[in-house]
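Between the sequences and the hints, there should be enough to build the whole structure, so can you do that?
Protein chains in written order, with the numbering used here: chain A, 1 to 348; chain B, 349 to 680; chain C, 681 to 1252.
Check before you lean on any hint, since a few could be wrong.
Some residues of chain A that are not near chain B, with every Cβ distance over 10 Å (derived) [what the hints assert, rightly or not]:
1) 9
2) 41
3) 70
4) 91
5) 93
6) 96
7) 115
8) 141
9) 156
10) 182
11) 248
12) 332
Some chain B residues judged to face chain C by a derived CB distance under 7 Å, without partners named [stated by the list, open to error]:
13) 394
14) 398
15) 401
16) 404
17) 417
18) 418
19) 419
20) 629
21) 632
22) 633
23) 634
24) 646
25) 647
26) 648
27) 649
Source of the hints: derived by calculation from the structure; they are not laboratory data. Treat the numbers as computed from the prediction; the structure is a model and nothing was measured. Where a beta carbon is used, it is the ideal one built from N, C-alpha and C, also for glycine.
Okay, here's what each chain looks like letter by letter:
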Amino acid sequence: MVRSALWHLFRTGLAVWVLASVVFLLSYRSLNATTELVLPDTTDLATTTTAVARRAAQQAIRQRLGLDLPLFYIGRNDGNGWHWNGQHNQYHRWAGRLLHGDLGTSFRTGQAVSSQLGTALAYTLPLTGTAAVLAVLGALGLAQRLATRPWWHRAGRGILLGLHALPLFVVALALLLLLANPEMLAWFPTYGLDDAADEQLDATTQFVRYIWHLVLPVAALTLSALPDFTLQLEAALTQELRAGYAITARAKGLSEQGIIRNHVLRNALLPTLTQVAQLLPALVAGAVVVEVVFALPGMGRLLAEAAANRDFPILVGGVLLTGLARLLALLLADLLYLWADPRIRWQS
Amino acid sequence: MGRPSYPLAVLIFSRSWPQRIALGWLSVVLLTAALAPVLPLPYLPNVPDLSQVSQPPFSIGKHWLGTDSQGLDILSQLVFGARTAVALTLPATVMAALLGAIAGGAAGFWLNQSRLAAPYWLLLVACVWWALSLPWPWLVLVGAAAASGCLLAIAKWRQRPLPAWRLPLDSIVMAIATTLDTIPRLILVVAIAAGTSVAIQGMLLLLALTSWPQPARLVRAQMLRVRVLPFVEAARATGFSPGRVWLWHALPHAVQPLRAAFPLSMAGLLGLESTLSFLGIGLPPNVASWGRLLAGIRHDQSAWWIAFFPCLCLITSILSLYILSRHQSSQP
Amino acid sequence: MLLTFGCSKRKHSSDATIRIRWAHDPETLDPLSLHNQAALDAYNLLNISLLQADASTQTLAPALAEALPSVQFLNDSITAIGYRIRSVAAWDSGQPVLASDVDFTLKLMLCPGLPNEVAQSQYHFIRALQVAANDPRRFSFLCRGRSIEYAHTTGDFFILPEAELDPHGSLRHFDLADFQYRRAEIATDSGIQTVVRHYLAAITSQATRQLPGCGAYQLVKWEKDRYITFHRKSHWWADQVRPTPFVLQARPQQLTYAIIPDAATATLALQRGEIDLYPRVPAHEFSRLRASSTAAKTLRFYTSDSHDVATAGFNTRHPILADAQTRRALSQCFDAAGLLRATQLGQGQPTVGLISPNDHLNYNDSIAPLPFVPKSAAALLRQAGWRPSRMGEVMGWTRTPVRGPRQELRLALRYRAGDELFATVALQFQAAAASIDVPVQLLPTESGAFSQALQTGDFDVYLRTLGGNPFMFNFIPILHTAGIGAGNASGYSTPASDQLIEAIAAADSKIRRAQLLRRFQAMMQDQSPMAPLFFLPNRVAASRNLTGIHVNSLKPGYSVMTLAWDSAPQVP
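Shown next, in the form of structure tokens:
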């Protein structure tokens, strides 16, 4: 049991490493845009840069960032052959540093990738974590109620589906325009995490303000995640309720609520569990749309901007981080599976 | 799980009112999509009317549903947007669901226990060799094909089974799925859009190829339960080939969770396309789409009609799909 | 109880923080590589250069320098630009700012191991620095070639303190020439390596992320992607300069730049008083706010012209666009006036070229902007040798030159994805071109891929904004042969235009330069390597109580140093 769990983890870890390597090799393969974006835009009449100077500057940037080395142990010539580059290559250096826990430094700011990711994560996790917990709890409650077919179950499902059809940015913008708008209801602040200007506040007030600023973003995320979980779980519950054992339970005179809670829920959770476990990497990766709309710092914006600026060390670091989260999630999902359905034994 | 085929009339009239409305709406969308080029629309979807920017609906002039902040007619955007949804998003969702059902179903059914005979392994190695363009790729490929052909012929002639090795199908499928959804989809798409200049049609194809893991996981989870059910065991015991048991007996039950998931993933894809427009990397402006129209609200937030009409279309379509899918799954 | 936190109104006292919206984080405050306008604005608070733009007169005015520089043409190949640093100018440590600091900064710009490629390519024309023997504050830059524009370009970089960054004087052991020509050899010097290490540690450290400067402000707090706050130094050397020139004013006690990426959110924040100044407001938001009666009670609106011009360019390297007539014909498919009306809602100015119509000396007012007449475009195409004929399935234009294969007129148009202005321009052009049977494919391209496509020439037509200024007219990067591969995306190059551009750069009087510039505008309209559409407006919305905004056409469009709260607040 323990051995198979370890083997499972090792395999996923290997997959994460391969993934990070692939992302590294693919992204570092084309670095023209990186050097291009470090240099100022050529659309300003005040620049005095000629083409020759620009090429020299690009070469200098490559040298400074260590991008003039060959990419991998083996490389391909322009002909069709392969050749050996030796250990003096970018991948070897990257992997070596990674094994020492060094994710490298950002191309753009020169700061350590780990510190940038850490800062962003500290903002992201409370936001996405709260939303995920609320969404899962909400889904558990709602789906159980819906499965008993109360009078409002059609309307409830319709509303949930309508909500699901709306992209996250519409939900976020709608919340913003309804609840933070002086022309409608100005109940919540519009952006950020606290008022940057007022620093001399006691801890309690600061905390309350922080919570106050998080209400709308968390609500937007919860509302967009809730329908998916609820509908999935409700579909599974409905199907299970038609199974033999549920009918037997009903015949025994148990209430519908009781049947669901004590008999059906466990089995119905199975497909939903995969989804919940899937959430963990998404939590780490942040929510770029909500972060943009509510002007919050976080992983989503960090990674999206890194992609736009071709800041590959940050991007590869982000992939590794979500990979690790995935490792954890898989472990969690397997454990939950085992708990939910004893019929399933660990394969392999 | 064969179902008797109903005549058309029964298909329509045997249903409840919500289902009829849903069917009606979806047919309207399909018809609109098919007939969009010949409909008598006063304005083309991709010609901006520079003198009528952000016009509210139902006002004087011929822009019945108003214009957006670029001066594009909303009505014709909606009509041609239906075309885009039917021709682009629907196939992408179907493809993702199919791929997911096959991959997840196979992984859950055979797990890591299926065996592959030696000649096939030989061919596989040769294909990898060729893909990496190691020395003499064609020669190796042809050689491997010839060798495996010979082996098969020999086996048939000798009437003795060839040596076979285990194919870890489940591990392979799950590893690919894990790898794919380790990177959150939005980040993946943003990164790909940043790194390469893929045309957007190619991008939607890519979306389909990256969004199959979720259906695959659902189907696999269900398959794990179905494969040990008595009727599958019975089919196996009858002596049907495993492929046949899988396709005709196990798979139809294993894809049940997809019924509820399909409208949701369709909504997800439509939403993703809209979100991409919101982040500035969506469809080109001459391809009308509901999502892009919806994203236009950020440029002019007071123009409620820019968001209202596409939202209405999106919600109604998703609801209709859902109602119909519920109906099918609740049939005996 | 909680509601009070959301609705708490801010009171405006005279020393309250002024909050300004930015769309992006400045990323670094490294004077050698400032990535964006935000970084430049922020660094301008920490440090000042020899000359600064004066928003009240829209000219360059002496800031760290005592007076505008003297320009001397030593011979045909050397221009000497002479400055003297103000006697009172001092670093925070109390040490005076001297010519040796300028020398040190020039060496840093060339120092191997630092992220200084941008500065290097920008100031490559400075050959040497000559310090006066009798006055440690007086010096001249010796620049390659002849140009009156060196008087501007040499004045706009930031000077760094030698005493604090290189206390042992390690860089003094080497000449500027060593940094220019023997970089590989000096890179191994341990003294230089120490300086580089110190410098990199200072700009990347989580705590400070800044270098010592001689500006009026110091950085108080910087939270990436959230805000950045500056505080006015209580004693700043320029307070002694009387009367205080405009560029040496520093009135706000505390400044906070809030980073809000989304325009809709920023508008709401402005309406609620969560930010006080919102520069570069999008056209639709601006006109909506201006029309709203509630917003009018708390906000004031300002507009001015800018030097940014929306431009379409043609890839002259492609055979179908190699002749001026075809390009001129296609230029006539842009409805500049209609686009100006629709996208800028009446603000902005039509133009004939890349020089602002407000620049009465240099703008060529004797020619008219290209009209929007697709019909005459068709006639021009005919003159260029194109004939209407079948191209595959559809009707189009083809021609067969004397040498070479048959050409089909179909265009791929690239612009930066997500830019609403250019999306509208692209749609309008596509529709107009379709009306004369020219098929146009729209390729909205992600920012990085777009720059790369322009470099490699993977387009037929591009749309982008060119940023100008009223001081410098250097067209070499944009339209000269030497700019192909850098800023000259259209690949335009003819001997006549090259000569004219060089003459403009080397002109030794403003009158002479104006004559040449007028000729240049006429030539560019005739040749049409690019079609300038219109100058974009600059829109600023700010709290009603904020005064001294000085909205102007220079970037960032307002004057931050003169902002102040109205002493008699009108709104509770």
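Verification of the supplied hints:
At the 10 Å boundary, the C-beta of residue 9(A) stays outside the reach of chain B, the nearest C-beta of that chain being 12 Å off. No beta-carbon of chain B is positioned within 10 Å of the beta-carbon of residue 41(A); the least distance is around 17 Å. Against chain B, the non-interface label of residue 70(A) holds: every CB pair exceeds 10 Å, the least being about 18 Å. Residue placement check: residue 91(A) keeps its beta carbon more than 10 Å from all beta carbons of chain B (closest about 17 Å).
The Cβ of residue 93(A) sits about 22 Å from the closest Cβ of chain B, beyond the 10 Å cut-off, so the non-interface label holds. Under the 10 Å C-beta cut-off, the non-interface status given to residue 96(A) relative to chain B holds; the minimum distance is some 23 Å. Once the 10 Å rule is applied to beta carbons, residue 115(A) is consistent with being away from chain B; the minimum gap is 20 Å. For residue 141(A), the shortest C-beta to C-beta distance to chain B comes to about 19 Å, beyond the 10 Å cut-off, and the non-interface label holds.
Distance check for residue 156(A) against chain B: the nearest CB is about 13 Å away, which clears 10 Å, and the non-interface claim stands. Taking the minimum C-beta to C-beta distance to chain B, about 13 Å, the non-interface status of residue 182(A) holds against the 10 Å cut. With a least CB separation of 17 Å from chain B, residue 248(A) remains clear of the 10 Å interface cut-off, as annotated. Residue 332(A), annotated as away from the interface, keeps every beta carbon of chain B farther than 10 Å; the closest lies near 14 Å.
Below 7 Å, beta-carbon pairs count as interface contacts, and residue 394(B) has one with chain C at about 6 Å; its hint therefore holds. The interface hint given for residue 398(B) is met, as the beta carbon of that residue sits about 4 Å from the closest beta carbon of chain C, less than 7 Å. Satisfaction of the interface hint for residue 401(B) is found here, the shortest Cβ-Cβ separation to chain C being roughly 5 Å, below the 7 Å cut-off. Hint on residue 404(B) is violated. Least Cβ distance to chain C is approximately 13 Å, over the 7 Å limit.
For residue 417(B), the interface hint holds, since its Cβ comes within 7 Å of a Cβ in chain C; the closest pair sits about 5 Å apart. Given hint, residue 418(B) at the interface with chain C, holds; its Cβ is 5 Å from that chain's nearest Cβ, closer than 7 Å. Residue-level restraint check for residue 419(B) holds (minimum Cβ-Cβ distance to chain C is 5 Å; threshold 7 Å). A hinted interface residue such as residue 629(B) counts as satisfied when its beta carbon comes closer than 7 Å to some beta carbon of chain C; here the least separation is about 5 Å, so the hint holds.
Hint on residue 632(B) holds. Least Cβ distance to chain C is approximately 5 Å, under the 7 Å limit. Because the beta carbon of residue 633(B) sits about 4 Å from the nearest beta carbon in chain C, less than 7 Å, this interface hint is met. Contact between residue 634(B) and chain C, as hinted, is supported at the beta carbon level, the nearest pair being about 5 Å apart and thus within 7 Å. A least Cβ separation of about 6 Å between residue 646(B) and chain C falls short of the 7 Å threshold, and the interface hint therefore holds.
Proximity of residue 647(B) to chain C holds as hinted, the smallest CB-CB distance being about 5 Å (cut-off 7 Å). A distance limit of 7 Å between C-beta atoms decides the matter here; for residue 648(B) the minimum to chain C is near 4 Å, and the interface restraint holds. At about 5 Å, the closest approach between the beta carbon of residue 649(B) and any beta carbon in chain C falls short of 7 Å, and the interface hint on this residue holds.
Going down the numbered hints, you'll see the structure goes against just number 16.
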